[in-house]
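Listed in order, the protein sequences are those of chains Z and Y.
Residues in the first sequence are numbered from 0 upward in steps of one, following numbering that gives the first Met the number 0.
Residues in the second sequence are numbered from 0 upward in steps of one, following numbering that gives the first Met the number 0.
Please keep in mind that the hints were generated in silico from the structure rather than gathered at the bench.
Some clues are possibly wrong.
Stated by the list, open to error - From chain Z, some residues computed to sit far from chain Y (all C-beta separations above 10 Å):
id : residue
1  : 4
2  : 10
3  : 25
4  : 51
5  : 57
6  : 92
7  : 107
8  : 202
9  : 227
10 : 249
11 : 256
12 : 273
13 : 306
14 : 345
Unchecked claim - Dumping the calculated DSS-like pairs for lysine-lysine here, alpha-carbon to alpha-carbon at most 25 Å:
id : chain 1 : residue 1 : chain 2 : residue 2
15 : Z       : 94        : Y       : 382
16 : Z       : 364       : Z       : 295
17 : Y       : 382       : Z       : 194
18 : Z       : 271       : Z       : 225
All C-beta atoms in this analysis are idealised placements derived from N, C-alpha and C, irrespective of residue type, glycine included.
Residue-level listing of the chains:
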Amino acid sequence: MLTKDLLRYKIQKAQIYPQFIDPTNSELLRVAEQLIAVFETSPNESRATLLESSKHIIDSTQEAPIIKRGLEKLLLDRTEFDTAPNEELIAFRHKLFTATSRLLSQEQFEDYAAYQREVLQIMVGKSPMEQTELSAKLYADLPSSQPVLAFNTLSAERLLHRYNAAQVQGLLLHCNTVMLKLADSMTAELRQLFKYLRFNQLLSTIRKEGELYEITVDGPLNLFYKTKRYGMNLANFFIAVLHQPKWELTAEIQFRNKRRSRLSLDESCGIKPISQQFLAYIPEDIQLFQKMLQNKTDDWQVRPGSQFLPLAGDFYCFPDYQLVHKSGVETAIELFHPWHQGHLIARLNTLTEQKDVSLILGVSKELEKNSLIAEALEASAYFSQFGFTFRDVPTMRTLLPILNSLV
Amino acid sequence: MKALRKFQFEISRIIMSSPLKINFDKGTLILQNVPEVLESQLPDIRWDERTLTFRAPAYRYRKIVSQLRAHDVPYQDTARQFTIESFTHQKAISPYPYQTEAIDAWHANGQRGVVSLPTGAGKTFIAILLIAETQRPTLVHVPTIDLMHQWHTVLTDHFGQEIGLYGGGQHELRDITVTTYQSAVMHAPHYGNRFGFAIFDECHHLPGEQYQYAAISSIAPFRLGLTATPERVDGKESRLYALVGECCYEAKVQELSGKTLSEYRVVTIAVEMEDTERIRYEEARSTYLNFLKQSRINMGTPRGWHTFLWKASQSDEGRAAFKAYLTQKQISFASTTKQEWVWKLIQRHRGDRILIFTQDNDTAYQLGTRFFLPVLTHQTKLKERNAFLNGFRDGTYSILVTSKVLNEGVDVPEANVAIIVSGSGSVREHVQRLGRILRKREGKQAVLYELISKQTGEHFVNKRRRQHDAYQTLQKFV
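For reference, chain Z alone in the conformation it holds in the complex (with noise of 0.2 Å):
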């Protein structure tokens, strides 16, 4: 991620304007490729060795140093260096420190000079080692001598999609909630946001607007302070919206003492996604869950949740598998884990005054030990009739009675 010294923005009738590159632009691809270039033949080099590299290319090229920064920044953490510490070096010191400070405890020293040579007689005695070599071995660990363990490279091209990436996600960071209007139509990219939003410990609140979903997002203190606390969260949680075909994003940035800007952006803005996307992929849960359910029936078939569930009182939600029957009916489930305890609060309140809504809710029995939680299930008429527990994955044996149920 790119810190805020390495952001390019303007800023104008209080709206922000990332400055984005041109991922196509030859001279910048041709500086990235320089600089990955350095970075790929960095293992076993020195921190300082390998900047002093790109430094090289930074000052010999024409374009814009913040973001050759910014596109060494991004090397960077894609760089792992050696950080163990260095046994040998520590013990050579604690002999000198040891010798150095008997001396300078007990002797009077004609000059510098003198108490040098005294040191080094005692740390080399006969060997020749001069006091520059001494002092460079000194203190050879520090993080500028780390050598370099290994770097994660990347294409030129996607290097500069990454940093336009890694500029929004840099605003991000100043702001306490995130807006997003979504389609509801490439179902696989949807279940992963919703994934990204529940991994990154962020709530939402979900409604329609004419063909769109609007989803607000933030954390849970952002009811009482606008807090810059889940900054980060919201940063990662964009990844998830640049897989998204179609979306617009508004949020509210403000630096420190500065006033708030409006970042207002959509999928026009060209981010190519920066992370993977597996939506061929089966998750192994769910893989599970089909292989559970035809060992017990054929009669229901299981896929992940794929499309926005309306509820009561405008609200929505977005369901982990949909069940159909083979006569046609249609069901999902929503699942709650140890750490939705507050998503569950929330739905069961939703779902008090529901008449027609086929959703089933499966809860952990991790959060069934919080004796709130267990007896807000013992008192829910609708998770006595569509709900179940579970220990790591749904059993048919709570869910097979439920699903019979609705046909």
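The hints should help you fit chain Y onto chain Z, whose structure is shown.
Leaving out everything else, chain Y in the frame of chain Z:
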């Protein structure tokens, strides 16, 4: 009276049908079945349409529960995940009178509040006594990894039981746990309901933009802040008092000097630069100042520094000015003459335990390499940090060079000489550095030397930091 009874009757009627419930959720409280008549009575509760419940920041737990009790409202509390513990001292201890006064003041303040005492006056000791008195699972917040380990050692020693560590790669929660502010901000949403007593060491850090969430996300009803200087330049100490409690006890350094703190004196040494350095310094400074003038930047204003950074990044001239700024700063921080003075002082104080402070890591390593001395910075790995500190305490090493990591809290009672080679204009930083050498020892006379490059910006920096009371007495210029 009649109205109150009617209010209580109304509440109990509603509660009978569905009891009020309080639950902890990611640093907040979720409240369910709140009767309408109570909505305005409970502090900071708000309707959350994302979860269709009432919600409150976790730190409001004590006030909410107090209000419910005051109105005889029954409630079901699953937020609180701690019980009364039994912590016993393993050592006989007897506090100084001022420590007893501080403890009494904290109790009188409703078992919350800030205690302000100079470094070396035994703030940790007060915390230990209060942990034993409150008997609640306790989370101690500290600003650095070094302090975390120091608290861990002291608490293990006093209570003779396993003490948890949370931060710097450690993730172990115990009934008494020490954590860093940084770690607490990240993890309090998960464990903020497991501790009844929250201690904030060096609590002047707490009102920071992010750090405050360590206190906001915790339900701990008992809270203690410890600091030598609660005041903040940005005036946000009011936020500290809102989250931890008012300052309930304060004693100044002069009140304890010579009694529970060592006698001390401050010696300021004005140092001439060598001619070549002076020329380089003047050149760089004039490039920097000319740029400020041309760009009409007033460094005396709160936005001055940010404006300079911004304008400096816009042109080659600006970048040259920024480089010049760093050069003149570096020369005044670590001139050859300053290094010669360091050598003289090291020789003058043979047999003493000396801490050498610098403003930046580069200068610290420059001195360490020149004089073959241990250097402690944030880059020093944990194992060697402990070895350096323990070596300094037991006398294996008589001198330690450091930039800022020893500014706060770390206990090195054996240190009696501090040499400030360079520093910021922060009064707090200098009072804290002075504090490192003030721990009482029999016959100890502490000396703090400040090396100031003559006719440089350091002169004004030094003038700013000498505004504190601790600098008003026993000062001598060379």
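query = Which numbered hints turn out to be false for this structure?
reply = 1, 6, 7, 8, 9, 11, 14, 17, 18
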